[in-house]
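**Student:** Got chain S; can you put chain V on it based on the hints?
Next come the chains, spelled out residue by residue.
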Amino acid sequence: MSKSIWQKMADVDKRVLYWLLFLLLVVPYLHPLALPVAVQETTLALYKKIETMGPNDIALFSIAGGVSAWAEIAPSMVAVMTHLVTRQIKVVIWGFFTDQDLTVDMIKSKVPDLTTKYKYGTDWVYMGYLAGGETAIAQLASDVHAVFKADKYGTPIDQLPLMQRVKSATDFTLALTVDTGSYILYYIRHWSTAKGTPVAEIGIAMQTEYLPYYPNAGLMAILIGVRGGAEYEKLIGHLGDGTITMDAINVSHLLFIIAIILANVGYVMTRREKK
Amino acid sequence: MSSIFRKREVILFVTGIVGGINLFEYFFAVKPVADAATIVRNWAIIVSIFALGLGIFNAVRIHSGHIRRRTKNQWPFSVFLLVYFVLLTIIGLWSTQNVIYDWSFKYVYTSLSSTFYALTGFYIFSACYRAFRARSVEATILIVSGALIMLRNAPIGEVIWKGFPIIGEWVLMQGQLGGMRTLALVGGVGLIFFGFRTLLGLEKGYYGGE
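Which chain is which? The protein sequence lines are S and V, in order. Note that the first sequence ends on residue 274 in numbering that gives the first Met the number 0; no numbers are left out. Note that the second sequence ends on residue 209 in numbering that gives the first Met the number 0; no numbers are left out.
One chain only, chain S, in its complex shape (with noise of 0.2 angstroms):
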């Protein structure tokens, strides 16, 4: 017996799906859409803290998510880092994942007045891999030094003028957590509620296992996916590969809804003709 059409609609093979989503996924790279792009009030907080930053003050960038998630979260590090290194702010660079060293020189890449304009070890340092999750966490709260003993390059952490400045978490005026899992919460618990250091989420579009902690349970921003890199590179005036990649998030979103509407019409009226 041959099916009816709203069988059909509401089976699919998954092979056309797949097939129907990467056509549609090409079209915005023949054809930007370029749609604009809200700001939201979790993207414009962090904006704004940035702002009142100056080059006295000492952000950490803290990295947890691997190369894997670069296409949802490098436009957001790259916008950052952007921000960070036109308003002079020193940072210090950490991470928990192993392929984290790939990360950093993506960073630099992309943003080359990191390595140009700052100079390393009085305007940036980077202190490596960490392994220990919440404990190290917890430890770097306390005392960054009882820690780490040398940067990734093997230079003795008192040789560097920066790391001179850091103690403890209360000497970042900013605590940004670079995340695709639950760093962040870490961060919130021991620095953040422990010792009043503001922190910044990074993340991917898992928002609400953030959003219960914004504004002011512990999280004083957050950029959640690909469009909160998109609205950063939007307030600082420097499009990237978040703007652009927005159009496929755009195409990939509406192809999802017609999907399941179809699917459901479907559904609906084959069971119909079944009664």
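No lab work stands behind these hints: they were computed from the structure. Fair warning: this is a prediction, and the values are worked out from it, not measured in the lab. Glycine included, every Cβ here is placed at the ideal spot set by N, Cα and C. Please note that a few of the clues may not be correct.
[What the hints assert, rightly or not] Partial list, derived from the structure: chain S residues whose beta carbon lies under 10 angstroms from chain V:
(1) 13
(2) 39
(3) 71
(4) 100
(5) 104
(6) 138
(7) 142
(8) 145
(9) 252
(10) 258
**Tutor:** Chain V alone, transformed into the frame defined by chain S:
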């Protein structure tokens, strides 16, 4: 000797000391306790580094087994994994600033990682299409809420109708946030009780007790 360390009393004593020091240090600024907490936390960081070694050991053990048993559709990949692992370890120990090491990470690891992450989008699309069916009132609410959040997150929602982001924002900030805050609070309170039970030796699961 090893049997001493397996005794329940020893495990509970160590847990109590370690937990007690960190709990006290969190709330009170007493230097000797803070110094002790620093030492204990550094130990924990060192122990967690061993987890990396354990992971390597486990991967080598599992894939060596596949090669030995010639597991169908698996053992050639295991050979590739182990050969590449040994090669990169040797090269990495020699220097991480060379062409092979650099090339492997930049053009193999990065591309594969990004590809796998991107593929999840296709799976999610297929899963949404199949799973999001209005089988009940609750399921319908879930589907409508999800669609509204998608139309809020993607600027195209605002282009279709200006009301979509407003309704989506309401669903997110009023509809779900209260529930998530409640869950976080309940989970937090539960965690506090779990912590106290652990410190008092009433929880046994974490050391394999019954």
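**Student:** Output the numbers, in ascending order, of every earlier hint that fails for this structure.
**Tutor:** none
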